[in-house]
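The listed protein sequences derive, respectively, from chains A and B.
If you use my numbering, the first sequence corresponds to residues 1 to 314, in order.
If you use my numbering, the second sequence corresponds to residues 1 to 299, in order.
Just so you know, these hints were derived from the structure itself, not from any lab.
Do not rely on the hints blindly, as some may be mistaken.
A few chain B residues that don't get close to chain A, going by computed Cβ distances all over 10 angstroms [said to hold, decoys possible]:
1) Leu178
2) Ala211
3) Asn213
To give a feel for the contact side, a few chain A residues facing chain B, derived at Cβ under 10 angstroms [claimed, not checked]:
4) Val15
5) Leu27
6) Gly134
7) Ala137
8) Val140
9) Phe145
10) Leu245
11) Phe247
12) Thr252
13) Arg277
14) Tyr279
15) Leu286
C-beta: ideal position from N, C-alpha, C; glycine also.
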Amino acid sequence: MLGFVIRRLTQAVPVLLLTSTAVFLLLRLIPGDPVADLAGENASPERVEEIRRQLGMDGSIFAQYGRWLSDVLHGDLGRSVQNGVSVGRLLRLAGPPTVELALVAYPLALLLGIPLGVLAGARPRSRWDWALSGYTAFAVALPSFVLGVALLWLFSVRLGWLPASGHVSLFDHPGEGLRRIILPALSVALVMASALARYTRTALAEVMRQDYVRTAWAKGAGDRRVVLRHALPNALVPVITIAALQFGHLLTGAVVAERIFTRPGLGDLVVRSIQTRDYPVVQGALLMLVAVFVAVNLLADLAYGIADPRIRRS
Amino acid sequence: MTQLSLGSRRSLRSPAPRAKGPPRFATLRRILANPQGLIGAGGLALLVLLALGAELVAAHDPAAQDAGRRLLSPSVAHPFGVDELRRDLLARTLFGLRISLLASFPAVAAGALAGTALGFVAGYAGGWVEAVVMRCVDAMLAMPGLLSAIAVLTVLGPGSISVGVAIALFNVPLFTRLARGQMLAERGKEYVRAAEATGAGPARIIFIHIARNAAPPLLTQVAMSAVAAVMLAAALSFLGLGERPPEPSLGGLINASRPYLRTAWWYPLFPGLTLAVLLVSLNLLADAIAEATGPYRRR
Numbered sequence: 001m002l003g004f005v006i007r008r009l010t011q012a013v014p015v016l017l018l019t020s021t022a023v024f025l026l027l028r029l030i031p032g033d034p035v036a037d038l039a040g041e042n043a044s045p046e047r048v049e050e051i052r053r054q055l056g057m058d059g060s061i062f063a064q065y066g067r068w069l070s071d072v073l074h075g076d077l078g079r080s081v082q083n084g085v086s087v088g089r090l091l092r093l094a095g096p097p098t099v100e101l102a103l104v105a106y107p108l109a110l111l112l113g114i115p116l117g118v119l120a121g122a123r124p125r126s127r128w129d130w131a132l133s134g135y136t137a138f139a140v141a142l143p144s145f146v147l148g149v150a151l152l153w154l155f156s157v158r159l160g161w162l163p164a165s166g167h168v169s170l171f172d173h174p175g176e177g178l179r180r181i182i183l184p185a186l187s188v189a190l191v192m193a194s195a196l197a198r199y200t201r202t203a204l205a206e207v208m209r210q211d212y213v214r215t216a217w218a219k220g221a222g223d224r225r226v227v228l229r230h231a232l233p234n235a236l237v238p239v240i241t242i243a244a245l246q247f248g249h250l251l252t253g254a255v256v257a258e259r260i261f262t263r264p265g266l267g268d269l270v271v272r273s274i275q276t277r278d279y280p281v282v283q284g285a286l287l288m289l290v291a292v293f294v295a296v297n298l299l300a301d302l303a304y305g306i307a308d309p310r311i312r313r314s
Numbered sequence: 001m002t003q004l005s006l007g008s009r010r011s012l013r014s015p016a017p018r019a020k021g022p023p024r025f026a027t028l029r030r031i032l033a034n035p036q037g038l039i040g041a042g043g044l045a046l047l048v049l050l051a052l053g054a055e056l057v058a059a060h061d062p063a064a065q066d067a068g069r070r071l072l073s074p075s076v077a078h079p080f081g082v083d084e085l086r087r088d089l090l091a092r093t094l095f096g097l098r099i100s101l102l103a104s105f106p107a108v109a110a111g112a113l114a115g116t117a118l119g120f121v122a123g124y125a126g127g128w129v130e131a132v133v134m135r136c137v138d139a140m141l142a143m144p145g146l147l148s149a150i151a152v153l154t155v156l157g158p159g160s161i162s163v164g165v166a167i168a169l170f171n172v173p174l175f176t177r178l179a180r181g182q183m184l185a186e187r188g189k190e191y192v193r194a195a196e197a198t199g200a201g202p203a204r205i206i207f208i209h210i211a212r213n214a215a216p217p218l219l220t221q222v223a224m225s226a227v228a229a230v231m232l233a234a235a236l237s238f239l240g241l242g243e244r245p246p247e248p249s250l251g252g253l254i255n256a257s258r259p260y261l262r263t264a265w266w267y268p269l270f271p272g273l274t275l276a277v278l279l280v281s282l283n284l285l286a287d288a289i290a291e292a293t294g295p296y297r298r299r
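Input sequences plus hints: build the corresponding full structure.
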């Protein structure tokens, strides 16, 4: 097992190096001269040089890359071009609300999606299976932002049950924080849950047709025992990968939900920075999101290795 | 969706009925013979016609500011109501549909063509060409679509064209992987050897002989990619990273309606419904294509 862990960890290094190089190259790919654009038409040559230095775009491209990589490894992501605040600080401020959203939305999606998938997959063409088909059709037709706007309209505008916007830390004020996170988390989780349910259903239905399950029925095990103890553990192995891939949807969903419910957060920061061409902030945020994404996939791989011994031996 | 549920059905039990008439349109006829496919194709055709004929259907200019009150509810003169600048929402929804389609469909087509060509060549050539191409594809597929979209928008700046480029780039590796797999499955077959024996060059073999037989799964992926593209384009417009302000788009209209939810419920409703009909139609069509062309024909 240890060998497997080390092997997977070393595989993550080139991926991180490659993607960070891609993030570095982003600024250099921009058509025209982004420095001159940022400085404006009437900027003095000194000002232009200052911005160029600030963006780390002076000197040869190799020198730039070396400096950039060493800065990043030292945790220095540069400063915002718009307000001079360090990118690290901006990310530390924007991170927690997004992490809270993920911490609520992700378990919610798992708790909603997997049981529904199990109910539908245990008995294909049963009432639960039809319910899942209906739900899938619904989730497919509504992109998360349309769903979010609909939730916002129903629960805060029409019924007035929940606040429409803003963020209050879950850890400082659990009650109010929860009230404000329910709708954004639902808008993200409902879409994710439909995909999870679909995959769980397919995986379970597949396992239910295997001989060992028939053997379990034959020796007289009850419904519950056959599905939950015999079939489900094997069916959940592929679901681990899907659950990790859904993390990408979680990021997308969070960006959109932050816009709908005017919450501060990483998505909000990235969107605003693209609009104001605040390149160092976008680069820093991208780098962090990529690192998180790689880490999640790594964890999924490890979980897969634990669940299925064949994988760690290969 | 269909692909997911395939495993659960005893798919190989019944052979697909042979379509009548000339084989040329057999697949198309099979798609339309399926109620899902008929509804999907009909819905899509209707929306495309409405988007093309937006000038004829809508009585108003999408940018014209009418006299009268702001945020009027639906009426005979303005079936979808009026927005905060007194612009006709029917016109804005239809022109928005046009922009949403223009930002997504050509981009999917471009990404599909480039990716397929790359995948065919990689699969046919083999060796280091294939290794290099496939490693790049793996790297691109490892990132969630949103991150690549952010990267593209950072380089090119916000705008409809950037959204299109992001969608195209996102689709290239998907099609490369699929097309290479198809190529590997086809290239050892006898008809390819026969074509080689008649002296056909690699380009002719790849793009005439093999492409025809490798097309079905690629076609299904085109439909599935169109769904994802419409969603991504709408989401980016919603975030304000798509088309520039006076231009309407479905996602942009829903975003613009947010401050007026309290009084004007119809404002986001009609663009949202249009988007939903578009997505449902595309999904039904994707399912029908998968069924009509897949090895596991159900009906």
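Problem - Status of the Ala137/A interface restraint (C-beta, 10 angstroms, chain B) - result: Since chain B brings a Cβ to about 7 angstroms from Ala137/A, closer than 10 angstroms, the hint holds.
Practice task
Verify the interface restraint on Arg277/A: the C-beta must sit less than 10 angstroms from at least one C-beta of chain B.
Solution key: holds, 7 angstroms
Practice task
Classify the hint on Val140/A as holds or violated, based on whether any CB of chain B lies nearer than 10 angstroms to its CB.
Solution key: holds, 5 angstroms
Handout entry: Hint check: 10 angstroms Cβ-Cβ cutoff, Leu245/A to chain B
Key = holds, 8 angstroms
Practice task
Hold the hint about Leu286/A up to the distance rule: shortest CB distance to chain B must be less than 10 angstroms.
Solution key: holds, 6 angstroms
Problem - Agreement of hint Phe145/A with chain B interface, Cβ distance less than 10 angstroms - result: holds, 5 angstroms
Practice task
Verify the interface restraint on Leu27/A: the C-beta must sit less than 10 angstroms from at least one C-beta of chain B.
Solution key: Holds, about 8 angstroms.
Practice task
Have a go at the Phe247/A hint: is there a Cβ in chain B nearer than 10 angstroms to its own Cβ?
Solution key: holds, 8 angstroms
Handout entry: Status of the Thr252/A interface restraint (C-beta, 10 angstroms, chain B)
Key = holds, 4 angstroms
Exercise for the section: Using 10 angstroms as the Cβ threshold, decide whether Gly134/A counts as touching chain B. Expected result: Violated, about 12 angstroms.
Practice task
Report holds if the minimum CB distance from Leu178/B to chain A is greater than 10 angstroms, and violated otherwise.
Solution key: At roughly 17 angstroms from the nearest Cβ of chain A, Leu178/B sits farther out than 10 angstroms, so the non-interface label holds.
Practice task
Identify whether the interface hint at Val15/A stands, where standing means a beta carbon of chain B within less than 10 angstroms of its own.
Solution key: This interface hint holds because 7 angstroms falls under the 10 angstroms limit.
Of the numbered hints listed earlier, the single one contradicted by the structure is hint 6.
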